[in-house]
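Number of protein chains: 2
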Amino acid sequence: MKIVLDPSPLQRKELLQRPAIDATALQATVRKVLMDVKENGDEALQRYTQQFDGVIPAIVAVQEEEIREAIALLPAGLKQAIQQAASNIRVFHEKQVQAPEIVETMPGVQCWRRSIGIEKVGLYIPGGTAPLFSTILMLGIPAAIAGCKEIILCSPPNKEGKLHPAIVFAAYLVGITKMYKVGGVQAIAAMAYGTPSIPQVYKIFGPGNQYVTCAKQLIQQEGIAIDMPAGPSEVCVLADESANAVFVAADLLSQAEHGADSQVLLVSTSAGVVEQVQSALDAQLALLPRKEIAALALENSKAIIVKDMEEAIALVNEYAAEHLIISCKEEDAIAGKIVNAGSIFLGNYSPESVGDYASGTNHTLPTNGFAKAYSGVSVDSFVKKITYQKLSKEGLQQIGKTVELMAAAEGLDAHKNAVSIRLAAIERNEL
Amino acid sequence: MKIVLDPSPLQRKELLQRPAIDATALQATVRKVLMDVKENGDEALQRYTQQFDGVIPAIVAVQEEEIREAIALLPAGLKQAIQQAASNIRVFHEKQVQAPEIVETMPGVQCWRRSIGIEKVGLYIPGGTAPLFSTILMLGIPAAIAGCKEIILCSPPNKEGKLHPAIVFAAYLVGITKMYKVGGVQAIAAMAYGTPSIPQVYKIFGPGNQYVTCAKQLIQQEGIAIDMPAGPSEVCVLADESANAVFVAADLLSQAEHGADSQVLLVSTSAGVVEQVQSALDAQLALLPRKEIAALALENSKAIIVKDMEEAIALVNEYAAEHLIISCKEEDAIAGKIVNAGSIFLGNYSPESVGDYASGTNHTLPTNGFAKAYSGVSVDSFVKKITYQKLSKEGLQQIGKTVELMAAAEGLDAHKNAVSIRLAAIERNEL
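Keeping their order, the protein sequence lines are chains A and B.
Under the UniProt record's numbering, the letters of the first sequence match residues 1 to 431, in that order.
Under the UniProt record's numbering, the letters of the second sequence match residues 1 to 431, in that order.
Keep in mind that the hints are not guaranteed to be accurate.
Given that identical chains are not distinguished, each listed pair holds provided it fits within a single copy or across any two copies.
Simulated crosslink set (DSS-like; lysine-lysine; CA at most 25 Å straight-line) [unchecked claim]: (1) Lys178 with Lys2; (2) Lys120 with Lys302; (3) Lys291 with Lys401; (4) Lys337 with Lys401; (5) Lys120 with Lys329; (6) Lys385 with Lys95; (7) Lys120 with Lys337; (8) Lys13 with Lys401; (9) Lys149 with Lys337; (10) Lys329 with Lys302; (11) Lys393 with Lys120; (12) Lys393 with Lys302; (13) Lys38 with Lys307; (14) Lys178 with Lys79; (15) Lys149 with Lys120; (16) Lys13 with Lys2; (17) Lys13 with Lys149; (18) Lys159 with Lys2.
Think of the hints as simulated: they come from the structure by calculation, not from any bench.
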């Protein structure tokens, strides 16, 4: 880690900057695949799956037999762990459901709002060395709670042409209606446009590499909604002199192991703690299986020492971390002053990895400073809220003049007329 | 209106299609202005304001004197109307505030979620013949309720280098902190990047022409959030044989007068009602000041006659209208079956214009079929929700095994270690 003491405002700005991600270079390539799938459907999906995944599966939903097989293959302990995590995630997300409430804004004018699950949603789960089954829980559970009718999943097949049993089990557990063995840009295209085998959806969720991210950006411009813009994962630890350096180091490393581009930031009021964390990092790093990756991420990471907690909080708010761990004596008071973060972890017993898997909060969170304007995934992400209004005769009489005056002032006479014509009918006793 | 009787599924798909909006042709022009403002700041803003608005105002926030002047200029009746509308909008939107609730997902594992106003937001209000002060209420009131600290407004100056008094009054009324006389792409650029005079914001709201819409799309790709994708305004009226044809015609016209590209759709189970609406349209159209615009919009609009209400509802759900008016006997039961719409107007006394101005619901709504995945603007649009978790010693002991197993199965040992290292410390009584 690069240690910076008491940075100037200008230095600070530089220190908090994320690496620039320029997707324009990929756009031409990605656009080509999108168009190809749009035009050639399943045939294009098979072609790309052969090219990138080395297998040619039929483009059909995973069948019951394969699901049964996966469930049988998975160790009982892991199944129980997934079920426990699912239960916690369900309990937390169920509290996010909002019941409609009728508001009488003035006599006879009733307004309300109802949340309705987005009918068709698509979840993308990347392949690679580790099967990200935890993300299926994080997306599938709120989707089911929201009442989405069709929840489909796309994930690339492994060399045997299969999905990892943990992926199949998690998807089955949360009630995903159909799983398809398709990955990459071609999977995003299939869900955005639909193919004869894969249904079109209205919103696409899930992580992916820069090609997948670019594909999501492009289809968003065509009106398909996406969960949120994406960037490399990141953690910020805010530590005062009371922090446990061994724990802080473990938390920083759990972020660093994600990838060489992971963002790791330590902000502290104590030079002593930073020094101890540095030693603990060295000791723990040596023991990690993914130490090469974590070491690369740490090389680009920074520890910033500031003169007091006020400055530390300002810095943390300016950074707007995806994950913020507060390792301080007065953790609750400090948390109350944080305005920009994805998810916050309080105290010695709340490592980030608890939230990544099982505390109940969602792990799909805004990276790259997007926490200044974006929230993490929740049940909200899977519903749209329709508003309703119903006026009584008296209600329209009460509000009519207001609408007529405003419409006329905006130069919209037909708007005014839609009210006037009704008020006149009421006066003539025709209504 | 083009009348279509009992369309086939293929015809139906065509009928419901919106006009394709291809912004790619504008992108180069818009990108040039964005870059220019990013590089040259206020100087570029003055240059474009001179070019497009014919005046060279200083790029400074509107001063107190000009605000006092505008308030004095505005007729008392209109001021009262705006205040009444603001009151209704405030009452409805205040109910959208969500208080945090701590959820214990398992013993010792506490999770919660807190809504925090996006610190800096920018509202864009287009110029043109009619001053859209109603949109200021629709955006400024939820922003204030959300607790946004800095709420700025950009709107192009008129030929006298001023903002319309109704715009200034509405902005003052809802507590907008700063108003700037800048319009078009240059205004979006100023709010996205900041200039020496105009502060940068994290999210940009508001309507605009296709250049403004394109600018919002482009800056969204750079990480600035926007309210939602935009398309031409639209209304769908669902009418059975009980509908009042005169009212239906008035409602269709209030949409048609917005612009030649406005989308107007009538879906009915009654050929008789459609015929009556057609006559009423002819009669009402002739009296409208904006009849040329409305006539153009009507030329492209359709009345679809279907055989029963079930088909009508399916059609309406597939269309996903921005505004849906239900003029039917069983309006409430039918509303319960609508899953895709921006805002719904029920019964004879609820014309769309009531919601456009004053019922209390928001008029910034998803167009172009986006209601399948997007909601209209609400207090939600101005907050982000941070999640929190705090575990007790016992909580971590309860959940530890689950996290360790899942992290190991995903191949993320440092994630596992962040838990194991704490559990070991607890066992050694060090914590």
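Is the C-alpha distance from Lys178 to Lys79 at most 25 Å within one copy, between copies, in both cases, or in neither? within (20 Å within a copy, 56 Å between copies)
When no copy is specified for Lys13 and Lys149, does a C-alpha distance of 25 Å or less occur within a copy, between copies, both, or neither? between (45 Å within a copy, 21 Å between copies)
When Cα atoms must be at most 25 Å apart, do Lys120 and Lys337 count as within-copy, between-copy, both, or neither? between (38 Å within a copy, 16 Å between copies)
Alpha-carbon proximity between Lys393 and Lys120, which holds within one copy, between copies, both or neither at 25 Å: Neither, since 38 Å and 41 Å both go past 25 Å.
Within, between, both or neither: how does the pair Lys393, Lys302 come out at a Cα-Cα threshold of 25 Å? Neither way: Lys393 and Lys302 sit 65 Å apart in one copy and 30 Å across, limit 25 Å.
Could you figure out if Lys159 and Lys2 sit no more than 25 Å apart (CA to CA) within one copy, between two copies, both or neither? neither (40 Å within a copy, 55 Å between copies)
Indicate which option fits the pair Lys38, Lys307 if close means a Cα-Cα distance not exceeding 25 Å: within, between, both or neither. neither (56 Å within a copy, 34 Å between copies)
Alpha-carbon proximity between Lys385 and Lys95, which holds within one copy, between copies, both or neither at 25 Å: both (17 Å within a copy, 14 Å between copies)
Up to 25 Å between alpha-carbons, please classify Lys13 paired with Lys2: within, between, both or neither. Result: close within a single copy only, 16 Å intra versus 59 Å inter.
Go through the copies and call it for Lys291 and Lys401: within, between, both or neither, with a Cα cutoff of 25 Å. between (71 Å within a copy, 23 Å between copies)
Is it within, between, both, or neither for Lys329 and Lys302, if the alpha carbons may be no more than 25 Å apart? within (22 Å within a copy, 66 Å between copies)
If the cut is 25 Å between Cα atoms, do Lys178 and Lys2 qualify within a copy, between copies, both or neither? Classified as neither: same-chain Cα gap 47 Å, cross-chain 40 Å, threshold 25 Å.
In the structure shown, a violation is registered for the earlier hints numbered 1, 2, 4, 5, 8, 11, 12, 13 and 18, in ascending order.
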